[in-house]
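Throw the hints in and build the complete structure from the sequences for me.
If you read the sequences in order, they're chains R and Z.
All residue numbers for the first sequence refer to this note's numbering, where the first residue is 1 and numbers rise by one.
All residue numbers for the second sequence refer to this note's numbering, where the first residue is 1 and numbers rise by one.
Honestly, the hints are just simulated from the structure, not real lab data.
Since the model is a prediction, treat every value here as computed from it, not as a measurement.
Honestly, I wouldn't trust all of these hints.
Now the in silico label distances, taken between C-beta atoms and shown as ranges [stated by the list, open to error]:
1. Z:Ser48 with R:Gly198: 52 to 62 Å
2. R:Gln203 with Z:Thr127: 52 to 62 Å
3. R:Leu48 with Z:Ala253: 32 to 42 Å
4. Z:Val18 with R:Gly200: 18 to 28 Å
5. Z:Ile81 with R:Leu190: 35 to 45 Å
6. Z:Val18 with R:Thr207: 18 to 28 Å
7. Z:Glu67 with R:Gly242: 35 to 45 Å
8. R:Ala218 with Z:Val18: 21 to 31 Å
9. R:Leu147 with Z:Thr127: 31 to 41 Å
10. R:Asp197 with Z:Ser48: 55 to 65 Å
11. Z:Ser48 with R:Lys287: 48 to 58 Å
12. R:Leu190 with Z:Leu5: 22 to 32 Å
BS3-like, lysine-lysine: derived pairs with alpha carbons at most 30 Å apart [as the list claims (entries may be wrong)]:
13. Z:Lys144 with R:Lys104
14. R:Lys204 with Z:Lys8
15. Z:Lys40 with R:Lys99
16. Z:Lys144 with R:Lys51
17. R:Lys215 with Z:Lys40
18. R:Lys204 with Z:Lys7
19. Z:Lys50 with R:Lys99
20. Z:Lys50 with Z:Lys40
21. R:Lys104 with Z:Lys40
Ideal Cβ positions, reconstructed from N, Cα and C, are used throughout, including at glycine.
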Amino acid sequence: MVSWNTKQKIIGFLYILPLFIVVLLLFLYPLIYSVYISFTNMAAIHFLHFKYIGLFNYEMMIKDKYLATLLINTVIWTLGSLIPMIALGLSLAIILNQKDLYGKSIFYAILILPWAFPGFISLLVWQGMWVDPYGFMNRYLLPFLHLPHVNSLISVSSAWTELIVTNLWLSFPYYMTVFYSGLQSIPQELYEIADVDGAGPLQKFATITFPSLRKIIAFVFITSFVFTWNNFYPIYILTGGGPGIATETFTVYAYQQAFSQYNYAFAAALSIVSTIITVGLGIIVLKFTGVLENIT
Amino acid sequence: MKFRLIKKIVRLIISYLVLIAIAIWSVLPIYYIIMTSFSKVGGLISISIKTLIPNHIYLGAYKTLLEGRFIPSIKVPNFPIWVLHSIELAAATAVLSVILAMLAGYSLSRMQIPAKQTLATFIYIITFLPMTATAVPLYLLFAKFHLLNYLGLILAYTPGTAVFAAFLAKLSIDSIPPDYEEAAMIDGLSRFQAFLRIIFRLALPVVMLTALLGFLGAYMDYALAYAFIGPASTKWTAMIGLYYLSGLFNYAAAPAYNIFAAGAVLMGLPLMGLFLVSQKMMTKAYSNLAGIK
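Structural data, given as structure tokens:
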């Protein structure tokens, strides 16, 4: 005779079983399979008759400088995106948080539009705007602001400019929102006391604002770092990784290797390397900051 | 005193200038694509400052978008059928995510497993993986099992949303006293009936949020859909259709640019609304859960 308690435990287990199976079959198994094919020569020509070739894909990645190039590109993309995003997001949050500023909610409602408009569609629109010479940016806006043309087909620095400016447009509202709600939780009295003591704006930022936001900035930086590192659509749509492979990152290059070049094994190897790097960074960060306690 | 007043005015003027400049920049691309969709612009080259001045409302692009057969091999108007495909995929993903997440959330909550930390860690690690780490092997595995179709796409979309939503569901069900189901079970309902009638109803906000997240995730996907069903234009989704209309596959062979603009507006504005709703629900869910904890 099975006890009532045991029966309840079995029933409880049955409820979680479907999700468990789904994660096992559609997430963990593919991940392990990915490791396996990275040690083979699976590509369109060997689709059914691929064989084990050991570390060849990884050796090729290092020897032919793919690893170094992709690593540098991905770091440029990630930090190049994050630093302006955090700076602009924080500045706008501080501007909006001034108590004698009128029309905050109108400005806020307008400023979150780029985040709310579907990113994939925005990117398609931006792609058309950046076309040189007859896209909107190069024909009207950049000349109006006395800025040089941006042509991502021929110039590497143009390609990065295009990517980073567009990504800034897509993402700054998120950072603004997070920092704005963080700022609102700082007691106003702290600033009033500082005013009485005669502190300047910079001093107030350094002694009140920044220390209060330190935890939020750390959390945002870490989660966004990984998100941007793996972010796919901006590069895929705007530059396609070009010119050459000058703006390819791990994820974009792996996708193109798999689904344009049918080089599945190499794509798998690239994904594995990128995963190891981000998980490694993540563990270090977890150890130092205890971000997980913040999320849960 | 006067010096302080000047300082305040300067500070506010600078603030407004920055806000106005960034606000114009924020709205510009959206305004530009809306105005283009109401114009007769055929290609990028014919978009001019005049296009952006609202003295004309030409709805031809919308008509062509809804009725046009750009790809002759598809026997019905192209864009509506692609949108329909997307809605089917997204709805199925939403339903499947809700079922899996609620079942798992219920189990995690009532069994008192110390699963919160485990799940949170797991979700955290999932976000570390590049999309290709699972997309490439899933493509290869699904090719073997004849799943490079809508069923395969739904299966591929579901785990991500479901795991995250199971975590939300667990936290939400924690706040429902077990007495409610126990009373219902004494009245003769089975545990599963009690789960369906009581837990689903009381956790409705999380159910809605899960459905919305699952729907948006599947609807907005391009990368997986293109990898799985890319060459078959009869099976395209709305996002692949937009990519095609934007001229990124082949600029010379794409229809007029105002048709892409009409598609971008017609898809973009409702999805923007859904996004704002889901954002509000997400904030509410989080603050509710924080309050309970």
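Here is what the structure says about each hint:
Checking the proposed 52 to 62 Å range against Z:Ser48 and R:Gly198 shows it holds: the Cβ atoms sit about 55 Å from each other. Against the hinted window of 52 to 62 Å, the Cβ-Cβ separation of R:Gln203 and Z:Thr127 comes to about 38 Å, which falls outside the hint. Between R:Leu48 and Z:Ala253 the beta carbons are some 34 Å apart, a value that agrees with the proposed interval 32 to 42 Å. For Z:Val18 paired with R:Gly200, a C-beta distance near 19 Å keeps the hint of 18 to 28 Å intact.
Between Z:Ile81 and R:Leu190 the C-beta distance comes to about 59 Å, which lies outside the given range of 35 to 45 Å. Between Z:Val18 and R:Thr207, the C-beta spacing of about 24 Å keeps the proposed range 18 to 28 Å intact. A beta carbon spacing of about 36 Å between Z:Glu67 and R:Gly242 agrees with the range 35 to 45 Å that was offered as a hint. Distance hint for R:Ala218 and Z:Val18: a CB-CB separation of about 26 Å, consistent with the stated range 21 to 31 Å.
Checking the proposed 31 to 41 Å range against R:Leu147 and Z:Thr127 shows it holds: the Cβ atoms sit about 36 Å from each other. At roughly 57 Å, the beta-carbon separation of R:Asp197 and Z:Ser48 lies within the given 55 to 65 Å, and the hint holds. In this structure the hint that Z:Ser48 and R:Lys287 lie 48 to 58 Å apart at CB holds, the actual value being about 56 Å. Hint check: R:Leu190 to Z:Leu5, Cβ distance near 24 Å, so the stated range 22 to 32 Å holds.
At most 30 Å may separate the alpha-carbon atoms for a hinted pair to count; Z:Lys144 and R:Lys104 exceed this at roughly 56 Å. Our distance criterion of 30 Å between C-alpha atoms is met by R:Lys204 and Z:Lys8, whose separation comes to about 16 Å. For the proposed pair Z:Lys40 and R:Lys99, the alpha carbon gap of about 46 Å is over 30 Å, so the pair is violated. Of the supplied pair hints, the one linking Z:Lys144 and R:Lys51 holds, its CA atoms being roughly 17 Å apart against a limit of 30 Å.
With a C-alpha separation of about 51 Å, the suggested pair R:Lys215 and Z:Lys40 falls outside the 30 Å cut-off, and the hint is violated. Among the hinted pairs, R:Lys204 with Z:Lys7 is consistent with the structure: their alpha-carbon atoms are about 16 Å apart, no more than 30 Å. Only pairs whose Cα atoms come within 30 Å are accepted, and Z:Lys50 paired with R:Lys99 is rejected, the gap being roughly 40 Å. Of the supplied pair hints, the one linking Z:Lys50 and Z:Lys40 holds, its CA atoms being roughly 11 Å apart against a limit of 30 Å.
Pair hint R:Lys104 plus Z:Lys40 does not hold up; C-alpha atoms about 37 Å apart against a cutoff of 30 Å.
Of the hints listed earlier, those the structure fails to meet are numbers 2, 5, 13, 15, 17, 19 and 21, in rising order.
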